[in-house]
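Asker: The lines below spell out each chain.
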Amino acid sequence: MTAVRLEDVRKSFGANEVLRGIDLAVDDHEVVCLIGASGSGKSTLLRCLNLLEPLEAGRILLGGEEITRRGVDVNAVRRRIGIVFQAYNLFPHMSVLRNVTLAPRDVLGLSRAEAEERARELLARFGLESRRDEYPDRLSGGQQQRVAIVRALAMQPELMLLDEVTSALDPELVAEVLSVIRELAEGGMTMLIATHEMSFARDIANRVCFLDAGLILEEGPPDQIFTRPRELRTQQFLERIIAAGRL
Amino acid sequence: MAREGDRRADPEVARRSRLLEGLRLEGEGARGVAIALLSSLVLAGIIVVAVTQSAGWPEVRRTFFDWGDISSSFPDIARAFVLNVKIFLVCEVFILVLALVIAVLRSLPGPVFFPLRALAVIYTDLARGVPTILVIALLGFGAPALQLTGVPSSRVFWAGVGLILIYSGYVAEVYRAGIESVHPSQEAAARSLGLSRLQALRHVILPQAIRRVIPPLLNDFIGLQKDTALVGTLGVIEAFNQSQIDSNATFTYGAYLAAAALFVAITIPLARLTDWLIARDRRRHQAGGGFA
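Protein sequences, first through last, are from chains A and B.
Position one of the first sequence corresponds to residue 1 (our numbering), numbered consecutively onward.
Position one of the second sequence corresponds to residue 1 (our numbering), numbered consecutively onward.
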């Protein structure tokens, strides 16, 4: 079954065409990594998927239902898609527990006890239960990002979007966040991951898409993309990554 | 961080160091405090001598600083001052609510809400542009003259309405600054979880915005407390009007000083509280945190 399908998705900011016709389908339980230089459109693609940015043209179907049609209930769509941002975006005036229970209580209508039970389970699963009464500014970057992942998971989404979730972290904190994502993949979570962590992408992805100037230039299994890229632009990109010691 | 912790350990030390900080004496030590005390005494002495030795001083003292005048008029004025405090407290509640509604209307996005945004802009422009005393006269004298049924005809009531209308304009702008200071990524995070715009506003944006604008809000509180004296221009007996009556009876001005002392007794603690909140806010930002 296809979890999400994008058809000829286009998006501009002013005169700047960021997405120039993206076609992409992600199957249930599939992990797809988006790679590409900064400004190639990875983040915009994820934000469009979550309806945080309106499209100029094209369609997006979530579980067979078009979510880009007029009059769609955007809140209902977002309930089904979890997104984690590069800068965590936790709510600084709320404790960890409240960050995680806010949406389940106010959007899904869970009782306080139910929401907290769900939150405790998730926090415990990712080694954060001792932090549940802390405020975000008392946590390390890695812990904050794990809380952000838990906050998205508490809505029990059918699809998770991860937008360069380790890019703002100190190098020694990257591993703890990546291991959380790996666990999600093993648990069968459908994920679309924009990342600069090439070895991680190679390791975890079922499929890798190389974005270049708003188009998916090349896609395929990670081994093929990373060892035998067909397109010249993909080769050049990977050479730069290798030169920077990131692969 | 360690310094913060040490200070917190002893409440007495913490209290004193805050006081010294406010006077910019922190870290000066006992010798510094002694020098500050001495130089203050010398300056005070010079001022006292210069004033009392000047040619017009006996006349000034008789007209303004007659202790008999001040103390005999004080009880009446203090009783009248209760009305100022009441007006202040009641108006403040309505101002905080009305201003928040205006600020939220002004922050609504999209073309549909253009008329509401425009109304909010026009309102704040007018409220901040018209002299307060004019609005109080307009409503305080004008509205009761209409003799509408079901509408209070009390001048105090209408003066209060005037203060609420004027101050809501200022306070709405303070709220708006706070709302705009919350990073858009906070709203994106809230909306991405499926919260509606209103839920995001209520749970995520406003709590952060209001926390940030408490010091400037207190500034407007101080202004409002002073402006309650304008209600006296309608002939209502409040502190200012009462002191005018007393002053007219004695042909001296000590009664005004008594009224001034009452206002200051409320506004100065508010001003110090504002300073303290601003300083605390700055310390938190320097510590890298924000909200805990």
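No lab work stands behind these hints, which were simulated from the structure alone.
We put the beta carbon where it would ideally sit given N, CA and C, even for glycine.
Just so you know, not all the hints are guaranteed correct.
What the hints assert, rightly or not - So the derived list for chain B, only partly shown, Cβ under 7 Å to chain A, looks like this: (1) Thr52; (2) Ala55; (3) Ser185; (4) Ala188; (5) Ala189; (6) Ser192; (7) Leu193; (8) Gly194; (9) Leu195; (10) Ser196; (11) Val204; (12) Gln208.
What the hints assert, rightly or not - Beyond 12 Å from chain B on every Cβ pair, some chain A residues (computed): (13) Arg20; (14) Gly21; (15) Asn50; (16) Thr68; (17) Ile81; (18) Asn89; (19) Arg112; (20) Phe126; (21) Gly142; (22) Arg182; (23) Arg202; (24) Ala243.
Asker: If a hint holds in the structure, say so; if it doesn't, say that too.
Answerer: Hint-by-hint comparison with the structure:
Hint on Thr52 of chain B is violated. Least Cβ distance to chain A is approximately 55 Å, over the 7 Å limit. Because the beta carbon of Ala55 of chain B sits about 61 Å from the nearest beta carbon in chain A, more than 7 Å, this interface hint is broken. About 5 Å separates the beta-carbon of Ser185 of chain B from the nearest beta-carbon of chain A, less than 7 Å, and the hint is met. Below 7 Å, beta-carbon pairs count as interface contacts, and Ala188 of chain B has one with chain A at about 6 Å; its hint therefore holds.
Interface restraint check: Ala189 of chain B against chain A, minimum CB-CB distance 4 Å, threshold 7 Å, status holds. Satisfaction of the interface hint for Ser192 of chain B is found here, the shortest Cβ-Cβ separation to chain A being roughly 5 Å, below the 7 Å cut-off. Annotation: interface hint on Leu193 of chain B holds; nearest CB of chain A at approximately 4 Å, less than 7 Å. Checking Gly194 of chain B against chain A: minimum C-beta separation of about 4 Å stays under 7 Å; hint holds.
The restraint placing Leu195 of chain B at the interface with chain A holds, with a minimum CB-CB distance near 6 Å, inside the 7 Å limit. Because the smallest distance between the Cβ of Ser196 of chain B and any Cβ of chain A comes to about 6 Å, under 7 Å, the interface hint for this residue holds. About 6 Å separates the beta-carbon of Val204 of chain B from the nearest beta-carbon of chain A, less than 7 Å, and the hint is met. The beta carbon of Gln208 of chain B comes within 5 Å of a beta carbon in chain A, closer than 7 Å, and the hint placing it at the interface holds.
Look at Arg20 of chain A: its CB is around 24 Å from the nearest CB on chain B, clear of 12 Å, so calling it non-interface holds up. Distance check on Gly21 of chain A: its Cβ is at least 25 Å (rounded) from any Cβ of chain B, clearing the 12 Å threshold; non-interface status holds. For Asn50 of chain A, the condition that its CB be more than 12 Å from all CB atoms of chain B is violated, with the nearest at approximately 5 Å. Separation of Thr68 of chain A from chain B is adequate, the least Cβ-Cβ distance of about 16 Å exceeding the 12 Å criterion.
Residue placement check: Ile81 of chain A does not keep its beta carbon more than 12 Å from all beta carbons of chain B (closest about 8 Å). The beta carbon of Asn89 of chain A sits about 4 Å from the closest Cβ of chain B, which is not more than 12 Å, so the claim that it is off the interface is violated. Residue placement check: Arg112 of chain A keeps its beta carbon more than 12 Å from all beta carbons of chain B (closest about 14 Å). Phe126 of chain A, annotated as away from the interface, keeps every beta carbon of chain B farther than 12 Å; the closest lies near 18 Å.
No beta-carbon of chain B is positioned within 12 Å of the beta-carbon of Gly142 of chain A; the least distance is around 17 Å. With a closest Cβ-Cβ approach of about 23 Å to chain B, Arg182 of chain A is found to remain outside the 12 Å limit, as its non-interface label requires. Remark: the non-interface label on Arg202 of chain A is consistent with the geometry, its nearest Cβ contact in chain B lying 28 Å away (cut-off 12 Å). The claim that Ala243 of chain A is not at the interface with chain B holds, since no C-beta of that chain comes within 12 Å of its own (minimum 32 Å).
Checked against the numbered hints given earlier, this structure breaks hints 1, 2, 15, 17 and 18; the rest are met.
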